[in-house]
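If you want the building blocks of each chain, they are given just below.
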Amino acid sequence: MYSEKVIELFRNPRNMGEIENRDGVGTVGNPICGDLMTIYIKVDGDRLKDVKFKTFGCAAAIATSSMITELAKGKTIEEALQITRDDVAEELDGLPPIKMHCSNLAADGLHAAIEDYKRKKE
Amino acid sequence: MKRIYMDHAATTQVDQEVMEVMLPYFTTYYGNASSFHSYGREAHDAMEDARKKVAELIGAESDEIIFTAGGTEADNIAIKGVAYKKEKGTIITSSIEHPAVLETCRALEREGFNVTYLPVDRFGMVQPPDVESAKKDETIIISIMHANNEIGTVQPIKEIAKIASENGIPFHADAVQSAGKVSIDVKRMNIDLLSLSSHKIYGPKGVGALYIKKGVKINPIIHGGGHERGLRSSTENIPGIVGFGKACELAKKRMDTDVPYLIKLRDKLINNTLDKIEESYLNGHSTKRLPNNAHFRFTAIEGESLIMSLDDKGIAASTGSACSSKKLEPSHVLMAIGLNEVEAHGSLRLTLGRENTDEELEYVLEALPEVVERLREISPLWKKDLEIEKWRKEMEKR
Chain A
157 MYSEKVIELF
167 RNPRNMGEIE
177 NRDGVGTVGN
187 PICGDLMTIY
197 IKVDGDRLKD
207 VKFKTFGCAA
217 AIATSSMITE
227 LAKGKTIEEA
237 LQITRDDVAE
247 ELDGLPPIKM
257 HCSNLAADGL
267 HAAIEDYKRK
277 KE
Chain B
39 MKRIYMDHAA
49 TTQVDQEVME
59 VMLPYFTTYY
69 GNASSFHSYG
79 REAHDAMEDA
89 RKKVAELIGA
99 ESDEIIFTAG
109 GTEADNIAIK
119 GVAYKKEKGT
129 IITSSIEHPA
139 VLETCRALER
149 EGFNVTYLPV
159 DRFGMVQPPD
169 VESAKKDETI
179 IISIMHANNE
189 IGTVQPIKEI
199 AKIASENGIP
209 FHADAVQSAG
219 KVSIDVKRMN
229 IDLLSLSSHK
239 IYGPKGVGAL
249 YIKKGVKINP
259 IIHGGGHERG
269 LRSSTENIPG
279 IVGFGKACEL
289 AKKRMDTDVP
299 YLIKLRDKLI
309 NNTLDKIEES
319 YLNGHSTKRL
329 PNNAHFRFTA
339 IEGESLIMSL
349 DDKGIAASTG
359 SACSSKKLEP
369 SHVLMAIGLN
379 EVEAHGSLRL
389 TLGRENTDEE
399 LEYVLEALPE
409 VVERLREISP
419 LWKKDLEIEK
429 WRKEMEKR
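Chains as they are written, first to last, in my numbering: chain A, 157 to 278; chain B, 39 to 436.
Next up, chain A with everything else stripped away, as it sits in the complex (with noise of 0.2 Å):
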């Protein structure tokens, strides 16, 4: 059901914690739905210097979250603001497709981590 990749980033999720001094905190999803997730970005200039996540739900939704750290770190914020679900998606290698909706919330949570740091910085 779920390919290599997922079930290894599920396993061995990289970026997993909070990070204290950040800049910017993103949640999506609804735990009433089995998904939820919080990225955290610390920014250094215009560039997204470190990226973690917290996430409850299944298999997909810890692997996405594990792979947006990864695209997002070190990429600018406009950069970082381009990754899309789809993207997440297609460097897992895919997923279930019933996943694809409730799951791949990965990409939005980066997007709000952004979000709050602009809204912080005005």
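Any given hint could turn out to be false.
As a list, the in silico DSS-like pairs of lysine-lysine whose alpha-carbon atoms are at most 27 Å apart [claimed, not checked]: (1) 126(B) <-> 276(A); (2) 161(A) <-> 40(B); (3) 161(A) <-> 255(B); (4) 161(A) <-> 274(A); (5) 229(A) <-> 276(A); (6) 126(B) <-> 90(B); (7) 274(A) <-> 435(B); (8) 421(B) <-> 198(A); (9) 126(B) <-> 173(B); (10) 161(A) <-> 229(A); (11) 422(B) <-> 198(A); (12) 161(A) <-> 351(B); (13) 200(B) <-> 252(B); (14) 198(A) <-> 274(A); (15) 428(B) <-> 274(A); (16) 276(A) <-> 252(B); (17) 196(B) <-> 291(B); (18) 302(B) <-> 252(B); (19) 422(B) <-> 276(A); (20) 428(B) <-> 276(A); (21) 225(B) <-> 326(B); (22) 290(B) <-> 251(B); (23) 123(B) <-> 290(B); (24) 290(B) <-> 90(B); (25) 243(B) <-> 200(B); (26) 252(B) <-> 174(B); (27) 196(B) <-> 326(B).
From the derived model, a few chain A residues whose C-beta atoms are all more than 12 Å from chain B [unchecked claim]: (28) 167; (29) 177; (30) 202; (31) 241.
Calculated directly from the structure, the hints in this document are not laboratory data. Glycine included, each C-beta is placed from N, C-alpha and C at the ideal position.
Chain A is already provided as a structure; the job is to place chain B on it using the hints.
For chain B alone, kept in the frame of chain A given last:
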């Protein structure tokens, strides 16, 4: 990696003795039980011997048993059979039935029948007084499962069947999970229709049975050559039926040793899990539950990732989380006992079997706390106030 199977409510392995008695019926004795020649007679005799063994497990007479393709088919034949015979009326059932019963009732609703879905208490128990007050003159059947497939709650079906019988209403029980684990005597318990499945009791898949008490009239829903007293046409699955018969014989013979053994393992599993894991809870009833069922919920984690993590450690289990279901909805049983969606997502079912050992249990008791702890480390909900009402409002906004 060694594997540990703790999902016996889903299915069981075919017992070696069962398989051995089945084998000759694939090749040597392959006759059609309806044929008049010796091949046919061999098949017919084997089927009748199996019918007797199935009947003996539940205290019925042989001629009150019809073979089906499984528990789901038996439930369909029983409920639709009575409904079509009566042509109209109300069905009483519970809100925690297996989909084989619930979806059959929903289909009949679409055909114009009325259905009353009784609530259950927080332990998953149907209250007999609720049955008493729900019954009406137009009630045509009451169908309540003997034991729940998810949380293992054993229903007071003797009391419910008594209410049905006093009011002249046929009573059906789905006993797919309870057969061989809780003693059943259809006569003493006043049961009119009872569904059984072979593969839950170490028999082969694709075979089940329906007990129909003498005098209870049902219409067939499968039409054809008139097999099984015209109630289930189709050439009988002789190897399956022979295996099912043997499985029933073994279940009856082994109940006295299996049940106390399973209860001992189950209670150790439950007590140690609740002890070792913070914010872990038992779903279902503490005593009125299947001897092999342990059903937990763990705060702040999701069931699909839980069973995947256990699978990584070689442990086969199951969950009521929406994320693992085809419909992406949390278990209707867990919602009916009053859990919220998040609690339902964090559920885990471990169902034991006679081949599970104490050593396997020790391994599970080591692995489970580690897995739960890891997922809680990842979870943003752990040690946080859930604020379920806030999330519910969010849902409504969508």
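Quick one: which hint numbers does this structure break? Sort them smallest to largest. 1, 3, 4, 6, 16, 18, 23, 25, 28
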